[in-house]
Each structure stands twice: as structure tokens, then as C-alpha cells.
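A.B. asks: Listed below are the residues making up each chain.
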Amino acid sequence: MKLNMRWRAPIGARQMATIFGVAAVWIVFFRLNAFIFNGLDHSIFASWIFLPAAVRILAVLIFESPALWGLMLGAFATSTPGMDIAHVLVICFMSGLAPYVAVSACRKYMGLSSDLSGMGVRDIIALSFYGALANAVLLNLTLFMLGTTYFDMIQVATVFIGDVLGTALVIYALAALLWLGSSRRKD
Amino acid sequence: MGKDFPSAPSYVRLLNLLAAVRKIAPFTHLEADEEHLLNALALIWHEPRNVTVADVMREANHVSRSTIYRRLLGLKRKGLVEFKDDRTDRRLKFVLPTDLAEDYISRLSACVDDLHIEARS
Numbered sequence: 001m002k003l004n005m006r007w008r009a010p011i012g013a014r015q016m017a018t019i020f021g022v023a024a025v026w027i028v029f030f031r032l033n034a035f036i037f038n039g040l041d042h043s044i045f046a047s048w049i050f051l052p053a054a055v056r057i058l059a060v061l062i063f064e065s066p067a068l069w070g071l072m073l074g075a076f077a078t079s080t081p082g083m084d085i086a087h088v089l090v091i092c093f094m095s096g097l098a099p100y101v102a103v104s105a106c107r108k109y110m111g112l113s114s115d116l117s118g119m120g121v122r123d124i125i126a127l128s129f130y131g132a133l134a135n136a137v138l139l140n141l142t143l144f145m146l147g148t149t150y151f152d153m154i155q156v157a158t159v160f161i162g163d164v165l166g167t168a169l170v171i172y173a174l175a176a177l178l179w180l181g182s183s184r185r186k187d
Numbered sequence: 001m002g003k004d005f006p007s008a009p010s011y012v013r014l015l016n017l018l019a020a021v022r023k024i025a026p027f028t029h030l031e032a033d034e035e036h037l038l039n040a041l042a043l044i045w046h047e048p049r050n051v052t053v054a055d056v057m058r059e060a061n062h063v064s065r066s067t068i069y070r071r072l073l074g075l076k077r078k079g080l081v082e083f084k085d086d087r088t089d090r091r092l093k094f095v096l097p098t099d100l101a102e103d104y105i106s107r108l109s110a111c112v113d114d115l116h117i118e119a120r121s
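Residue numbers (this note's numbering), protein chains in the order written: chain Y, 1 to 187; chain S, 1 to 121.
Hints listed in this document are in silico derivations from the structure and should not be mistaken for laboratory results. Just so we're clear, the structure is a prediction, and the values are computed from it rather than from any experiment. Built from N, CA and C at the ideal position, the CB exists for glycine as well. The reader is advised that the hints may include incorrect statements.
SDA-like, lysine to any residue: derived pairs with alpha carbons at most 25 Å apart [to be verified]:
no., chain 1, residue 1, chain 2, residue 2
1, S, 76, Y, 64
2, S, 23, S, 10
3, S, 84, S, 65
4, S, 23, Y, 64
5, S, 23, Y, 69
6, S, 23, Y, 45
7, S, 23, Y, 106
8, S, 23, Y, 118
9, S, 23, S, 118
10, S, 23, Y, 39
11, S, 76, S, 32
12, S, 78, Y, 64
13, S, 93, S, 120
14, S, 84, S, 10
15, S, 78, S, 88
Pair by pair, the computed Cβ-Cβ distance ranges are [stated by the list, open to error]:
no., chain 1, residue 1, chain 2, residue 2, range
16, Y, 153, S, 50, 19 to 25 Å
17, S, 69, Y, 151, 57 to 63 Å
18, S, 118, Y, 32, 47 to 53 Å
Partial pick of chain Y residues on the chain S-facing surface, computed with a CB cut under 10 Å [unchecked claim]:
no., residue
19, 38
20, 61
21, 93
22, 104
23, 120
24, 147
25, 148
26, 157
27, 172
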């Protein structure tokens, strides 16, 4: 009796691929954001529209913990040159931690299942909102505690609004692409 | 909300996420079959009688009951019809137009009236 064995990459290799994949997507969205919304920066840490914020939430939802490392790696790759390396590492850590905190909290308090079944529009809106809130608060607290910036409420608001708008833009674009794809398949 | 699987594969999570994102679709349109059904319902709603899901299935020619029900669900998802249980017999489900359906029908009527006026002038 022949066994039909399919080769599967070892778990470690798959996780590494996920980490690098998420980091690559982060870098692409970061560059795209800088290209399209050049001039909407409040500071080097805050932009009024920030498309990569969508990558944070979506990556953590789909890939869970490997996404954290991918986001940290992506944030490191796009960090501001010349900054103190210890500060950079802490900020990168927060970049991965904030969406994880938001998603974990939403899972616990909104009853979101781990396989995301039954997820609705309200869940996506809530995840985007809390993801932006977690990032805005944690990032600015981190920057303040590191002495990188003073606690600037406008910066906090900019990060929050930038993340919300960026996530909304990406998700709407994705919804439109999915609709377009399904419409063409039916024709 | 859904069963909790401790280690659901990423692909399952991706599919469920995309299904949720699809619901955000900024553009909605009626399938040809759904539009045909909606037009048939518009005729029935014009009559002074309540129409049930069973009535719609019975009046559909050459289409299976399950297909009709699926199309009714599609119209419900798009906010064009709603189902209401009969108070005395919960097996009966009435198919009622929503405000959106009534708006759709009145707009079509207005278009037809405009065409009629243009043709006469």
C-alpha cells in the first residue's frame, strides 16, 4: 500500500517565512504611505494617515504570534536612521505588542473566536479602533518614558487618527477588490 | 460567536477574515435572478394579500424551492426583504418589503413614468 506523503516545511521554517512575509508587507505599506501621503506627517512618529496600521491588525489576526515578530522586524527596517538603537528596539517591540494587546482584548471581551468565524463588520471596526488606540497610547507613552519626545496630545491624536484612517482605507480597498473579483467571476 | 478552536490554521482565519471584510463591500448590486425575484415580489406586494415564503416557492416556475429560498436570503442580506413569522402559525413566514425595496420600486416607477412622459411629448 502506497502512502501519499506530501512534503510540508518544518514548523520553524513556516514561522520564519511568516515573520519575513509580514515584515516585507509592512515595509511595502510603509513606503507606499510615505509616497502617497507625503506631507501629512505631524512628526517622524505620527502621520495623519498611516496605511501600515492595517497590516498590524490583519497580520496579528491571521498569523497571531509570528506576526508580532514580523511587525517588530518591519518596524526595525523602517526605523528612523540615527536614533539610539536601544530606543529603536523598544519602539519596535511596542509596534508588535500594541496590536497583540488590542486583538487579545477584543477576543476576550467581544467573544471573538480564535478562528475568526462569525466575525462581522462591527468586529472589524472595533478591532481597528482599539488597535489604533492601543498603538497611540503605548507608542507615545514609550516615547515619553524614553525621553524621545514630550507627551504631546496632538501627537497621540495624530497617531490614533492616522491608524484609524489608514486601516479604514486599506480594509475598504480590500473589500472593493474582493467585490470586484467576485463580480468578474460571475460574468 | 462561533466555536473556539485553540489552534485554527492561519488559512481558516484568513478565510473567515475575508468573509467579514466582504460584508463591508462599498458596492452592492442585485444578481439578475434576485432582480427577477424582486420584480415578481413587487407584483405580489401590489395585491392586497400577504405572501409567504411557501407562496413564493409555489409560484416560481421551473426553479427549485431551495434556489428560491437562497435568492430570498440574498435579498434579505441586501436589505430588500424581511421575514416575519405568523402570530398564529409560526411555520408561516411572510415576505415583506423593506423601506429599501419600496424605495427601489418607487424609483423604478418614477423612471417608467418619466419615459412615458417623454414618449408622449
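A.B. asks: For which of the previously enumerated hints does the structure constitute a violation, in increasing order of number?
C.D. replies: Failing hints, ascending: 1, 5, 6, 9, 10, 12, 13, 14, 15, 16, 19, 21, 22, 24, 25, 26.
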